[in-house]
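Q: Residue-level listing of the chains:
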Amino acid sequence: MLTEEVIEFLSKIPPFQFLDNSTLKQLVSGVTMEFFPKGTAIQYQGGPAPEYIYVIKKGEVKVSIKNESEEVFVDYRGEGDLIGYMLIFGGNKARATVVAVNDTICYLIKREPIQNLLYTNPAVREFFHTSFLSKYLDKTFKEIQNRNLVYSGGDKILFTMPVGELASKDVIKASENISIQEAAEIMSNYSISSLILIDADGNPSGIITDRDLRDKVVSKGRDCKEPVKNIMSVPHVRADVKEYCFEAILKMVKHNVHHLLIMKDEKLKGILTNHDLMLIQGTSPLSIVKDIEGQTTIDALVPVSKRINNIIGLLLNEGAKASSITRIITEINDRLVRKILEIAEERFGEPPVPYCWIVFGSEGRKEQTFKTDQDNALIYADPASSEEESLAQEYFRSFSLFVREGLLKCGFPPCPADFMATNPMWRQPLHVWKKYFSNWISTPTSEAILNSVTFFDFRAVYGETKLLDWLKDYVMNMVKDNKVFLGYIANMAIKNMPPIGFLKTFVVEKSGEHKDKLNLKVKGLAPLVDIVRLFSLEKGIYETSTIERIMSLKDKHTIIKEYADELLHAFEFILLLRIQNQFEQLKKGEDINNFINPNTLSNLEKRIAKETFHLISRIQDLIIERYKAMIW
Amino acid sequence: MYNFFKIRKQETLSVDLEKSISEANYTVIDTELTGLNERKDSIISMGAVKMIGSKIDLSKNFNKLIKPEAKFKSESVVIHGITPSDVSELPAIDSILSEFAEFCGDDILIGHCVSIDMAFINREMKRVFGNPMPNPVIDTFFIYEWIRTQTPSKPCFSYVPKDSGLYEIAKCFEIPVRGAHDALTDAFITAQIFQRFIPALINLGIKNLGALLKVGHPEKGGDKNSKSGLIYNF
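These protein sequence lines map, in sequence, to chains A and B.
Following this note's numbering, the numbering of the first sequence begins with 1 at its first residue and continues without gaps.
Following this note's numbering, the numbering of the second sequence begins with 1 at its first residue and continues without gaps.
Careful, some of the hints might be misleading.
[To be verified] In silico DSS-like cross-links for lysine-lysine, where the CA-CA straight-line distance does not exceed 30 Å: (1) A:K587 <-> A:K409; (2) B:K55 <-> A:K57; (3) B:K171 <-> A:K12; (4) B:K207 <-> A:K93; (5) A:K58 <-> B:K207; (6) A:K93 <-> B:K55; (7) B:K60 <-> A:K25; (8) A:K110 <-> B:K60; (9) B:K171 <-> A:K610; (10) B:K207 <-> A:K38; (11) A:K38 <-> B:K60; (12) A:K66 <-> B:K55; (13) A:K38 <-> B:K55; (14) A:K110 <-> B:K55; (15) B:K207 <-> A:K62; (16) A:K251 <-> A:K267; (17) A:K57 <-> B:K60; (18) B:K154 <-> A:K62; (19) B:K19 <-> A:K110; (20) A:K521 <-> A:K606; (21) B:K154 <-> A:K57; (22) B:K171 <-> A:K62.
Honestly, the hints are just simulated from the structure, not real lab data.
All chains should be modelled from the sequences, with the hints used to inform the complete structure.
A: Structure (structure tokens):
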């Protein structure tokens, strides 16, 4: 019979793959198959909710949403992907516009039986819950959903813990008749981020949050003598004490609120914030930062630093963008480094001359994920005398050694190429650094190019940051119009050709341990970083992170002007893929590396990967065109 | 059960000619025969699939093997893979016919080179019930030919298929053609072809059943010029 084919198809794709055969049979008992020619809309945002979930059997669709006037691309979906599943959580209007970008055939499965599975099948519940969340938590909607993590589960606690256990019990309440200022005063007295307002009968009538004070009062220049009633949010969203945490998250997401009122028998029992929800998973970026700040010895920092990797998993599960993850991780690592430097200063006393601790490589670009090698150096102010010079040398020698050991204890292995402040070469006064760069730039040997490229991504983490600014001014001035030197850098940016094979398949490693795998760092990340660095040098941009570089080049560089959005997308995508891959490796107890098996990618991911590599290749062609004379 | 008195009274079903072709109910049919001689040969299997507009209902289909009255020819064994011993235990056509008619209901019937199927089905219907199938019939081959004359350059409509062209046309639309050459599979392939035709027809102004019957009816429709040269060649 014809449904057998459908069952066979569904049994390979989530969430249907979690179902047994008899459940699948029931599900397809009313299945139909529909054809959508290229260019037709399958559903319109705001149109009636389709009574089906569409499973794409063949073809591709584009999902977009309109916000106010602008059409925002959400994603492409292909074979095996679903359309319209958000509606199983309720609502009677289609939430997005879906258009067939190729002739598309879908299986149409009735929504109701799938909805019922939410209550009877935990795997299905988790699948929809997670895909729903990762799509919605990030409001830009631009994010790629991570299949692997979605299916591997985790965070079971979300499904087993009732919100009543989590919600803060001592709710601070105030009358709805007080003024905005009085409300803010109460909030700062109690150090709370939200305040419940109650009516004359003691029933909660509204809530105000830090966000309201910022968005509705300060930024609007509103008079804070106004009654708080004018800015409070009503009606607020409630959850029963017995509801599970995941339901609470869904409510928050659905209503776009960060607080829920937890009710028991119609009475306000507590309040739940999204931060509480992050905390139950053991880690919150904020709590780690607080813990780092509170320590005074290296040994006390060690256990805190061990928790940093968990944050990445947490953020991934919450559907954070790769750039947000790296930003948070960089911020935390910076604080850790600063703390270690503070401890070092305390131990060795005031430095004889001002200095600046700099980091480079991925750390310099703020693109750190899991613990990476130490890549650091030290610039100190030019000493006034040879006596001061030898004092400085002595001080910073033992100082940097202490820092290196501290970092090592906290999980940052030493740099194998010895790019560290402990190496006397990379621990020098400003004038020596200037000389380094002028030598590299005037005689660009391959080693010089490598060194300068490494250091071009430098960033001050601690100390007298002016030292680095001066060095940057000096270097940028020298590089900006130096066509010859830029030619060398251009050669480097086109060195790693992206893996687009003749048959549009991935070119993977041909032999060795990683045979048939794709090196994300060498083939994807490095070319992007190199391209964007080249353009920044051309325009004298000081930013070091690839994303910040793209942003500030947007109006300055003709190529970036045209490709900025695509580049940002591509970079986010490769970065996310790499983080997910490494997190999976870490969870399995494997050593982390940059190799990914292309077969584990979803169709959508494969498609985006290909587009990314095409983009890189296109821009490399433009670079070759630009630097024709100097490319060899 | 199907009301056969209704059939006797009424030669053809009345159809709402204004009904949109993307909302009408269709039953896509196919039969397998022992051969093409209308007097000597007989039906050995019947398959049918339901469509509502361009939605193919995969869960409602008709698939019956029938004990043939005529003798097997070795050629058709090769085509269908059904051997005489396979069919000796099967029900006779008489008992299947009413089920089939019931399955078709008041739908528009669709088939590829459907005249042949209808000739055999109606021969049996007349023999058993005294009346042919009352449903209007549409031929996907005629529709294909018609679209081709309207838009000869459109992909998949640009060539003249060698024979009835069911599989050829299917392949061009990337409709999977595999498995046995049985009546249900072929009906399903035909349904998928018709599914592709619906948007193309609407683009060409064929929006309601009245217009569809004009271009797709095996006796009235099709392109007059090519019709004379049309030979069903299995």
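Q: Give a verdict on every hint.
A: Against the structure, the hints come out as follows:
{"no.": "1", "hint": "A:K587 <-> A:K409", "verdict": "21 Å, holds"}
{"no.": "2", "hint": "B:K55 <-> A:K57", "verdict": "14 Å, holds"}
{"no.": "3", "hint": "B:K171 <-> A:K12", "verdict": "25 Å, holds"}
{"no.": "4", "hint": "B:K207 <-> A:K93", "verdict": "28 Å, holds"}
{"no.": "5", "hint": "A:K58 <-> B:K207", "verdict": "26 Å, holds"}
{"no.": "6", "hint": "A:K93 <-> B:K55", "verdict": "22 Å, holds"}
{"no.": "7", "hint": "B:K60 <-> A:K25", "verdict": "13 Å, holds"}
{"no.": "8", "hint": "A:K110 <-> B:K60", "verdict": "15 Å, holds"}
{"no.": "9", "hint": "B:K171 <-> A:K610", "verdict": "28 Å, holds"}
{"no.": "10", "hint": "B:K207 <-> A:K38", "verdict": "19 Å, holds"}
{"no.": "11", "hint": "A:K38 <-> B:K60", "verdict": "27 Å, holds"}
{"no.": "12", "hint": "A:K66 <-> B:K55", "verdict": "28 Å, holds"}
{"no.": "13", "hint": "A:K38 <-> B:K55", "verdict": "16 Å, holds"}
{"no.": "14", "hint": "A:K110 <-> B:K55", "verdict": "13 Å, holds"}
{"no.": "15", "hint": "B:K207 <-> A:K62", "verdict": "27 Å, holds"}
{"no.": "16", "hint": "A:K251 <-> A:K267", "verdict": "19 Å, holds"}
{"no.": "17", "hint": "A:K57 <-> B:K60", "verdict": "19 Å, holds"}
{"no.": "18", "hint": "B:K154 <-> A:K62", "verdict": "24 Å, holds"}
{"no.": "19", "hint": "B:K19 <-> A:K110", "verdict": "25 Å, holds"}
{"no.": "20", "hint": "A:K521 <-> A:K606", "verdict": "16 Å, holds"}
{"no.": "21", "hint": "B:K154 <-> A:K57", "verdict": "24 Å, holds"}
{"no.": "22", "hint": "B:K171 <-> A:K62", "verdict": "26 Å, holds"}
In this structure, every one of the numbered hints holds.
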